[in-house]
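Keeping their order, the protein sequence lines are chains A and B. Every letter in the first sequence is one number past the one before it in this note's numbering, and letter 239, counting from 1, is 1710. Every letter in the second sequence is one number past the one before it in this note's numbering, and letter 15, counting from 1, is 42.
One or more hints might be untrue.
Stated by the list, open to error - Have a look at the derived ranges for each label pair, beta carbon to beta carbon:
(1) S1489/A to H243/B: 36 to 46 Å
(2) D1663/A to R221/B: 37 to 47 Å
(3) A181/B to G1550/A: 50 to 60 Å
(4) L1738/A to H262/B: 55 to 65 Å
(5) L1758/A to R284/B: 54 to 64 Å
(6) L1758/A to V145/B: 51 to 61 Å
(7) V145/B to I1638/A: 46 to 56 Å
(8) R1749/A to H262/B: 36 to 46 Å
(9) S1489/A to R284/B: 49 to 59 Å
(10) L1738/A to E230/B: 28 to 38 Å
As the list claims (entries may be wrong) - If you want the footprint, here are the derived chain A segments under chain B, 3+ residues with CB under 8 Å:
(11) 1500-1511
(12) 1577-1591
(13) 1744-1757
Quick caveat, the hints were computed from the structure, so don't treat them as lab data. Just so it is clear, the structure is predicted and the values come from calculations on it, not from any experiment. No residue lacks a Cβ here, since even glycine has one placed at the ideal position from N, Cα and C.
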Amino acid sequence: MTSSGLVLRATYGGPRPSALTLVRQGLEETWSRRRLTRYLVGADLHKKGADTLLGNVWWILDPLLQMVVYVILVSLLLGRTTEDYPLFVFAAILPWKWFSSAVNDAILSVVARERIIKQVHFPKIVLPVAATMSGIANFAFGLIPLVALMVLFYSDRLSVFLLTLPIIAAVQLVFTLGVAILLSAVNVFYRDVGNVARHILRLWFYLSPGLYSVEQVTKLVEKYPAAGVVYGLNPFTVIFEAYRAAIYDGKLPNFVGLAVLLGGSFLVLFACIYGFKRLEPAFAKVL
Amino acid sequence: MGRAAAQPAGDGIAIDAHGIGVQYSLRFTKKTTVRQSFAELARKREGPTSFWALRDVSFRVSHGESLAVIGPNGAGKSTLLQVLAGIIEPSEGRVEMVGKVSSLLTLGAGFDVDLTGVDNILLAGAFMGIPDREMRARLPDVVEFADIGPFIDAPLKTYSSGMRARLGFSIATSIEPDVLLVDEVLATGDQAFREKSRLRIEELIGAAKGIVLVTHDMHWVTTFCNRAMLLERGHVVAEGEPADVVKIHEDHMEQARLDKEAEAAKHRLQGVM
């Protein structure tokens, strides 16, 4: 296939390519069709922004309102006292909203383009990639209330370590891409993946140290070593801790943990690209 | 992608299809859910789990040839075009396409109703893999042919269905391919636009090196094609001179109609007795 995507000599059928070939194909397709991805992201943002008068304002208000809900729940009702809890919990809401909305959008990204998939030959992998990329805007808008919150109420917690946020976000993006790509393909075959994912995501959030810190669950971990394994393997343990270090604690995030997570995320991403490419040939038949 | 080809098609060949078969699984249909799959496990499976939409289909299209594919509904004609366009991978066999392939399967597919006409043209070009620069260069022609006036800068949701169809046709026919795949898309819009689009298709047919046309219009077959292939239940039943193949097809259709009538008469008779 030429880089322009126009097929000059193509063979369909024959032996199935190896796993490595499939992953390489997936990466090449994503790169060579970046223009298509850009158009899709543009269309998506246009739609989300234009649908409601307050489109962009909602992206700013959403995490703030969610923060208020958790502050009421945890500080007032459960009576837990954590210093500057609103900022503490906001540092987790920001990345989590990005992750969960990107995954939810990506799940529907392939089936939503059913008609064109049945009529035009193009690399389907751009669809979940575009959905994930447009989620970055969601995250970026979330930074506005974060900065506002910090400047207005927690100015003593402002630090240069906020500059490490893009690095943490990049690690998270790699992990998100993998999950998004795989689930978008599975949803073609099982249309209720979205329903299942919604509940799993909610549970996942509560099982990650977002509303609480890892130290607060040490007792639990001592009692049930299995819980320690769950927290140890949960990528969001590292991600939330890193965001919290940069935003709340004003210190350097754990770069070793992030590096390990980045390596693991790339493995997950490649495995998910492989899964997607294996399922892709059946899309046009099932849709 | 062409590395897997054992013997590349020789010069002058546009399409080389060898023993194509397409198998559909009946396990996954459009509305499968996890819940249903569990229900399936509990129940005993009955009936076939797959069927062949196409089997043992081989043919070649040389430069200058245009092949008509005819057959009753459900014969696998559209599936064949999807395989040639690369949309569906064949389950067995191999197809080799030489040259720039365009499929006119694409009237208005993938339109985004929130985007303007112009944005939709660019998006469609990106889906079809046309380089952006090329698509922007073609933009004025596409807009002019679609002939929808100032609406071109309005979101697609404000379009009438006729305007959408015209824009779709204009986009689909904007590239001049070496191999052209046409699925009955010819009846679009009002009388004037139909005439205009017929001329455009004829023009494309004249310019392309190889053509595969799927149609129910036997007039098109005998006018534009120099070869025809009859598909029935996924198999090639006849191939050759368009007039001969059309004759066989019409005989078969007539026979099927008579059989059906006889069947119906038998039922009526049984009802009386």
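- Tell me, in ascending order, the numbers of any earlier hints that this structure violates. 4, 5, 6, 7, 8 and 10
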